[in-house]
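Each protein sequence line maps, in turn, to chains A and B.
Just so you know, we're using our numbering here: the first sequence kicks off at 1 and counts up by one.
Just so you know, we're using our numbering here: the second sequence kicks off at 1001 and counts up by one.
What the hints contain is simulated information worked out from the structure, not anything from laboratory work.
Glycine included, each C-beta is placed from N, C-alpha and C at the ideal position.
It is possible that some hints are incorrect.
[As the list claims (entries may be wrong)] Computed list of lysine to any residue pairs in SDA-like fashion (alpha-carbon distance at most 25 Å, straight line):
1) 223(A) <-> 1076(B)
2) 37(A) <-> 48(A)
3) 312(A) <-> 447(A)
4) 1056(B) <-> 260(A)
5) 1137(B) <-> 99(A)
6) 37(A) <-> 1103(B)
7) 480(A) <-> 345(A)
8) 167(A) <-> 260(A)
9) 1056(B) <-> 264(A)
10) 312(A) <-> 480(A)
11) 165(A) <-> 1076(B)
12) 248(A) <-> 1079(B)
13) 526(A) <-> 540(A)
14) 1056(B) <-> 265(A)
15) 1137(B) <-> 34(A)
[Unchecked claim] Coverage of chain A stretches by chain B, computed from C-beta distances (three or more under 8 Å per stretch; other residues unrestricted):
16) 7-14
17) 19-30
18) 277-290
[To be verified] Only part of the chain B face toward chain A is listed, based on derived beta-carbon distances under 8 Å:
19) 1079
20) 1141
21) 1150
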Amino acid sequence: MYRYDEFDARFVRERVAQFRDQVARRLDGSLTEDEFKPLRLKNGVYLQLHAYMLRIAIPYGTLSARQLRQLALIGEKYDRGYGHFTTRTNMQFNWPRLRDVPEILDLLADVEMHCIQTSGNCIRNVTADHFAGVAADEVEDPRPTAELIRQWSSLHPEFDYLPRKFKIAVTGSPQDRAVTKAHDIGLRILRNAKGEIGYEVMVGGGLGRTPMIAKTIRAFLPKAELLAYLEAVLRVYNLEGRRDNKYKARVKILVHEIGAEKFTQLVEDEYARLDGPSIVADPQEVARIAAYFAPPAYEKLPLRSTGFDAAKTQNRAFATWASVNLFPHKLTGYAAATISLKNIGEAPGDVTSAQMRVLADLAEKYSFDELRITHAQNVVLPHVKQDDLFAVWQALVAADLASANAGLITDIIACPGLDYCSLATARSIPIAQALAQRFADQERQIEIGELNIKISGCINACAHHHVGHIGILGLEKSGKESYQITLGGDATLNAAIGERLGPGLDAEDVPDTIERIVEVYLQHRKAGEPFIDAVRRLGLEPFKAVVQETLHAPA
Amino acid sequence: MPLLDRNGAKKDVWIISDDGSADADHILVSVAHLKQALSGNGRGRRIGVAIANTVKLAELEPHLSEIDLVSIAFPSHGDGRGFSIAKQLRHAGFKGTLRASGPLIADQFAFALACGFDEIEVSSAHAARQPIEQWLKAASSISQTYQRGFGAHNILDARRAARATGK
Ligand code: SF4
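Could you build all of it, start to finish, from the sequences and the hints given here?
Listed below in structure tokens is the structure:
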């Protein structure tokens, strides 16, 4: 994991002091509320429906035990004993007081964390594949790139007042687990014919009210040129992005309006003017960062662990969890374990301080002191010996963290919605809870197989419902919540935007409708055919019919 | 209107004269009258140009060596286009004075300086609310940042220097 050097440490401390001063100047009237707002947003402080909310950056979703324990402490001391992991792998506290914020920032700085640019019209927290360093198909670990970008984008003098927020995601694998094509910039690490490492640069993806899949503007950017090229892209966006309408200000609209070709041309023209070597990081600097992500001291282990096999035979619940929640590790004898924060009936992504401490202990004891937060709002222990999995699982069971539903239908992504969010048009957490309850049966979940449901409480699409296999969007129609269902979205390499199945439904009708959709799938699927493949093959028609049935069912 | 640079308050010697007709040593003209002002500049006057933040670099580029000051308008503190224009002008080799004009706030001073601005012009009401001391303090609140090409005090070059001395 990356560790701060003296420069990073001073930078973060100075940012805390700066924020204290900004709060003081707001209070003494030097700054108007309008002037203060972007400053507080860029430090993660939001005004929500009921209170202030603080959003803490978890860069590319990586945490150490010590950091998670600090979050547990903050949750206890300044919130209500829990925190919430977001789809951008940040942690949110929903109930801190504004005057406590500088103190919380100090506590974060103590463990090399911050809230810098978790909100506001600037470059946001960079995300990456949660199986970085684990996946066998990885060309290169995306975390050093993400860390380089984190540093470069922090308080960037030129790009702190962009037309709108700007999100960057990095994947190092051909199998895209970071949803890069739904970001303002998606970077995919790849090798060219000569075997050199570089990036495919994709720009203009995004969800929200106008969902778009990013376009490739550079098929291969040599690795060393990254920061200079990013500077060119951001400069074009800063100058050309629309500022007349907040809803048209994202780079995806610019790319759409002028066309990917023209946009590429503008970027390349700007790039040609730059003095690249004076902007990019030295190879030594890149190597310095990469060294922090060197593989941990793995043991050489046999392919199969007899202890693991025996535990599975003896304990069915463990066997089920292992079959659903494990991801193959590139090293024999290890596995990456997904810990689901989707207990039936609870708010997706919520975790108590006590649970955070259990997770921290497990990471320390069994996973080289490392944890990952996923965009699906779960936690990963990336490097667990198969021999240790049973002990890990037992500890998870005791902490109520052993739901065996990673990637299954009850592993639902939901935004805070009307329960917390001031922009919401409908509730999303209760819909997630109702659906999880409906599909709670473990056998049935496994029989249905991989299926992801994503629920957003308004058109801003924070839960990425457009790329959910089943997407649910909560709107308000004549004073009543109304839910629109989309089908066929895909967040992976084959990124696709889901299509609407029909008019909006009442909240009570959502579980029935989803159940009928699943039944259509089960009836028509071929052996071993996942939900998303079946939807592609069958088309929307058979599924549209069930929405019609719901609408016309006698009340 | 009050003017300040990295050393504090500053006297404004520039006279605004859209069409360049004013009889003064330092005249600030509009883009539309720039060519005319430059060509009629037999008297050794200093010419500056005031631009909106939508002006394209190409419009100014041919004249950069003859211009002494470019004043870039910031219509609001939330509109950061001026930062990129400043950066482009510096890249293009502009050596004169760069002025940011508009309701910027003290917290943006460091960014403006890093992007190549020399001075900021704000309204009197604005300056009354945010006195000079706040600007100077804000300018130095972060001692080093991470971007190369935005001023001497960057962490990447500092790390390189530390490597060179074997620290
Ligand atoms: S999708 Fe809408 S309701 Fe949900 S968190 Fe985002 S802004 Fe709030």
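Structure-based check of all given hints:
1. The suggested pairing of residue 223(A) with residue 1076(B) is violated, with an alpha-carbon distance near 37 Å, which exceeds 25 Å.
2. Taking the CA atoms of residue 37(A) and residue 48(A), the gap is near 13 Å; set against the 25 Å cutoff, the hint holds.
3. Using a Cα cut-off of 25 Å, the hinted pair residue 312(A) and residue 447(A) holds, with the two alpha carbons roughly 19 Å apart.
4. For the hint pairing residue 1056(B) with residue 260(A), the CA-to-CA distance comes to about 21 Å; that is within 25 Å, so the pair holds.
5. The hinted pair formed by residue 1137(B) and residue 99(A) meets the criterion: a straight-line CA distance of about 22 Å does not exceed 25 Å.
6. Between residue 37(A) and residue 1103(B) the CA atoms are separated by roughly 15 Å; this keeps the pair inside 25 Å, and the hint holds.
7. A hinted pair counts as satisfied when its Cα atoms are at most 25 Å apart, and residue 480(A) with residue 345(A) qualifies at roughly 23 Å.
8. For a cut-off of 25 Å, the pair hint linking residue 167(A) to residue 260(A) stands: about 18 Å separates their Cα positions.
9. Using a Cα cut-off of 25 Å, the hinted pair residue 1056(B) and residue 264(A) holds, with the two alpha carbons roughly 18 Å apart.
10. Simply put, residue 312(A) and residue 480(A) have alpha-carbon atoms about 48 Å apart, too far for the 25 Å limit, and the pair is violated.
11. Between residue 165(A) and residue 1076(B) the alpha-carbon distance is near 17 Å, which keeps this suggested pair within the 25 Å criterion.
12. A hinted pair counts as satisfied when its Cα atoms are at most 25 Å apart, and residue 248(A) with residue 1079(B) qualifies at roughly 15 Å.
13. For the hint pairing residue 526(A) with residue 540(A), the CA-to-CA distance comes to about 17 Å; that is within 25 Å, so the pair holds.
14. Taken as a hint, the residue 1056(B) and residue 265(A) pair is honoured in the structure, with Cα atoms around 16 Å apart against an allowance of 25 Å.
15. Taken as a hint, the residue 1137(B) and residue 34(A) pair is honoured in the structure, with Cα atoms around 21 Å apart against an allowance of 25 Å.
16. Under the rule that three or more residues need a Cβ within less than 8 Å of chain B, the assignment of the region 7-14 of chain A holds, with 5 such residues.
17. Restraint check on the region 19-30 of chain A versus chain B: 5 residues with Cβ-Cβ distances below 8 Å, three needed, restraint holds.
18. Requiring three or more residues with a Cβ within less than 8 Å of a Cβ of chain B, the coverage given for the region 277-290 of chain A holds, as 8 such residues are present.
19. Given the 8 Å rule on beta carbons, the hint for residue 1079(B) holds: about 6 Å separates it from the nearest Cβ of chain A.
20. Given the 8 Å rule on beta carbons, the hint for residue 1141(B) holds: about 4 Å separates it from the nearest Cβ of chain A.
21. Evaluation of the residue 1150(B) hint against chain A yields a held restraint, the C-beta minimum of about 5 Å falling below 8 Å.
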